[in-house]
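J.: Okay, here's what each chain looks like letter by letter:
Protein chains: 2
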Amino acid sequence: MLVSEFDIISHYFDRQSNNRSDVNIGIGDDCALMTVPNHYQLAISTDTFVSGIHFLPEISPDDFACKSLLSSLSDLAAIGADPAWISLAITLPYIDNKWLKSFSDSFFNKLNYYKIQLIGGDTTRGPMSVTYTVYGFVPYGQALLRSGACVGDWIYVTGTLGDSAAGLAILQDKLKVKNNLHKKILINRHLRPKPRFLQGKILRNFASSAIDISDGLVSDLKHILKASCCGAYIKIDNLPQSEALKQSTTTEQNHLLSLSGGEDYELCFTVSEINLKILEPILLNTGLNFTRIGQIKKQSYGIRYYFNNKEINLDIKGFDHFISYL
Amino acid sequence: MLVSEFDIISHYFDRQSNNRSDVNIGIGDDCALMTVPNHYQLAISTDTFVSGIHFLPEISPDDFACKSLLSSLSDLAAIGADPAWISLAITLPYIDNKWLKSFSDSFFNKLNYYKIQLIGGDTTRGPMSVTYTVYGFVPYGQALLRSGACVGDWIYVTGTLGDSAAGLAILQDKLKVKNNLHKKILINRHLRPKPRFLQGKILRNFASSAIDISDGLVSDLKHILKASCCGAYIKIDNLPQSEALKQSTTTEQNHLLSLSGGEDYELCFTVSEINLKILEPILLNTGLNFTRIGQIKKQSYGIRYYFNNKEINLDIKGFDHFISYL
Numbered sequence: 001m002l003v004s005e006f007d008i009i010s011h012y013f014d015r016q017s018n019n020r021s022d023v024n025i026g027i028g029d030d031c032a033l034m035t036v037p038n039h040y041q042l043a044i045s046t047d048t049f050v051s052g053i054h055f056l057p058e059i060s061p062d063d064f065a066c067k068s069l070l071s072s073l074s075d076l077a078a079i080g081a082d083p084a085w086i087s088l089a090i091t092l093p094y095i096d097n098k099w100l101k102s103f104s105d106s107f108f109n110k111l112n113y114y115k116i117q118l119i120g121g122d123t124t125r126g127p128m129s130v131t132y133t134v135y136g137f138v139p140y141g142q143a144l145l146r147s148g149a150c151v152g153d154w155i156y157v158t159g160t161l162g163d164s165a166a167g168l169a170i171l172q173d174k175l176k177v178k179n180n181l182h183k184k185i186l187i188n189r190h191l192r193p194k195p196r197f198l199q200g201k202i203l204r205n206f207a208s209s210a211i212d213i214s215d216g217l218v219s220d221l222k223h224i225l226k227a228s229c230c231g232a233y234i235k236i237d238n239l240p241q242s243e244a245l246k247q248s249t250t251t252e253q254n255h256l257l258s259l260s261g262g263e264d265y266e267l268c269f270t271v272s273e274i275n276l277k278i279l280e281p282i283l284l285n286t287g288l289n290f291t292r293i294g295q296i297k298k299q300s301y302g303i304r305y306y307f308n309n310k311e312i313n314l315d316i317k318g319f320d321h322f323i324s325y326l
Numbered sequence: 001m002l003v004s005e006f007d008i009i010s011h012y013f014d015r016q017s018n019n020r021s022d023v024n025i026g027i028g029d030d031c032a033l034m035t036v037p038n039h040y041q042l043a044i045s046t047d048t049f050v051s052g053i054h055f056l057p058e059i060s061p062d063d064f065a066c067k068s069l070l071s072s073l074s075d076l077a078a079i080g081a082d083p084a085w086i087s088l089a090i091t092l093p094y095i096d097n098k099w100l101k102s103f104s105d106s107f108f109n110k111l112n113y114y115k116i117q118l119i120g121g122d123t124t125r126g127p128m129s130v131t132y133t134v135y136g137f138v139p140y141g142q143a144l145l146r147s148g149a150c151v152g153d154w155i156y157v158t159g160t161l162g163d164s165a166a167g168l169a170i171l172q173d174k175l176k177v178k179n180n181l182h183k184k185i186l187i188n189r190h191l192r193p194k195p196r197f198l199q200g201k202i203l204r205n206f207a208s209s210a211i212d213i214s215d216g217l218v219s220d221l222k223h224i225l226k227a228s229c230c231g232a233y234i235k236i237d238n239l240p241q242s243e244a245l246k247q248s249t250t251t252e253q254n255h256l257l258s259l260s261g262g263e264d265y266e267l268c269f270t271v272s273e274i275n276l277k278i279l280e281p282i283l284l285n286t287g288l289n290f291t292r293i294g295q296i297k298k299q300s301y302g303i304r305y306y307f308n309n310k311e312i313n314l315d316i317k318g319f320d321h322f323i324s325y326l
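Residue numbers (the UniProt record's numbering), protein chains in the order written: chain X, 1 to 326; chain Z, 1 to 326.
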């Protein structure tokens, strides 16, 4: 039986997932020692996941590992970075070897896929939570920021919106879906987000701003608008939706899910008319659809919604763990 | 009243603590964007602190901020790095504005002192805990590793040992100290560790290995011995002790505290005879004492303890949150 912190680390987490040449010292000393290649900036993002807050308490260790890791990595994709390393701080109420084996197997499986190396972390006792810090490289000055949108730029999103929130609703028994394939697709979109690394990398050279959709389209687009001092309109008719979502919900439901449902981890980005012509054929080659959903306007315009070419009133809020509690 | 995650970040944590030129984008985008200077390695370390496990639940937010932050930074000192940045993941059960103000004031006060910039993090709801990832720079190839000790090297420690554990015992009402000054000194050593940045920086060029004493001298020295494939002896008579500790405990108590008491955050390092002559006068100038406590031997020698030039039997274990629980 494993009983100490050092046992847990050596047994489950001290695996040579990838032997990257930029990791000079990995797990096992007071610090990891890393080399960042010349002419690159280091992108860093931190995310915490608490059992029962960010996840249904009954989630499997496999799903927990995949969903938390993939959604953390999405921040790197959103800024146009290539993923490189990760630190893992894991807090557990007790040692459950079966749980740890399943969690760590899934965790390293994904790290191997993305060629990411675990460089360190901490293992502590306490209420269950996981904090990742993820690291990636982006060529100097080419990062996709929230602050670059300009009046007249078109607003795009990758993939489809609202699936993850529908998947969560199914898991919570708030949405009934008879078609088993649709049900599986929607739940899978919730539990296995796909960081859009390829799209982020392509957008580096063409998009004026970008963000990943974690809190919901409107909530995240507002971050772009605030950082870029702009307004915008969204054409609700244009929101890209999967067949699974459309067949499983009413029009009102799926519009709301696409506007405010979180955790799709698609990219929302803005692009000027002039860059669009070069970008479109390149993006088409990635095999993932991308859809124009609106346009950037002056700040005084605020945010407006159109449906059938008519403006409609909506009050959309994103998800906030504190607000939902108070 | 502050109600959202974004409110907490903008009100308490989005302060320009230091405007470092190597922080290209700090808080407020999907990732922070950083520049690591040429010819330097980036040192990274992660530590989690859980209320009630790493800290007495009644600890003040000021003490919580200082102790957790300073002990995290100690890992950078131990590897010989200059501190640069920090990420903060904070999980809180509810929004307590008074607590947040005191915590964040102390946190930024220390960051300012060490010229460290907060570059991002996460704010979530859940059982209280804090995870820091700290970052520092070390000239390429000069980091102090655990793995460099050689047979014949002398073993040294900075400062005095056992004070922090005695301070904790006082706070837990397990140790009674009548002398108020001594009591204050010992508690302060527990709540306000000092990362030994200056000493770490000096040792870069001379020490063969180093570690910071977080789990207790013996426990941490064993990490050096394991990584360096060596054995060692310790002369218990030589362990450096403060007057406050000596006056407050029996000889047996203070020897045990100095050998196994954690959280002094002094450096334990090894140095060859030849480097010692250059190192000694430089270290003397730092104003902090350093003491020879033993010597590195072959791995087959194991670890042995001497008192009055006689070998004695001791079974010393360091502190482990999981062992203490099971």
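Derived from the structure by calculation, the hints contain no laboratory data. We treat Cβ as the ideally placed atom computed from N, Cα and C, and that holds for glycine. Incorrect hints may appear among the rest.
Stated by the list, open to error - Example chain X residues on the side facing chain Z (calculated, C-beta under 7 Å, incomplete):
| # | residue |
| --- | --- |
| 1 | Asp47 |
| 2 | Ala89 |
| 3 | Thr91 |
| 4 | Pro93 |
| 5 | Gly121 |
| 6 | Arg125 |
| 7 | Asn285 |
J.: Which numbered conditions among the earlier hints are violated in the structure presented, ordered from lowest to highest?
T.: 4, 7
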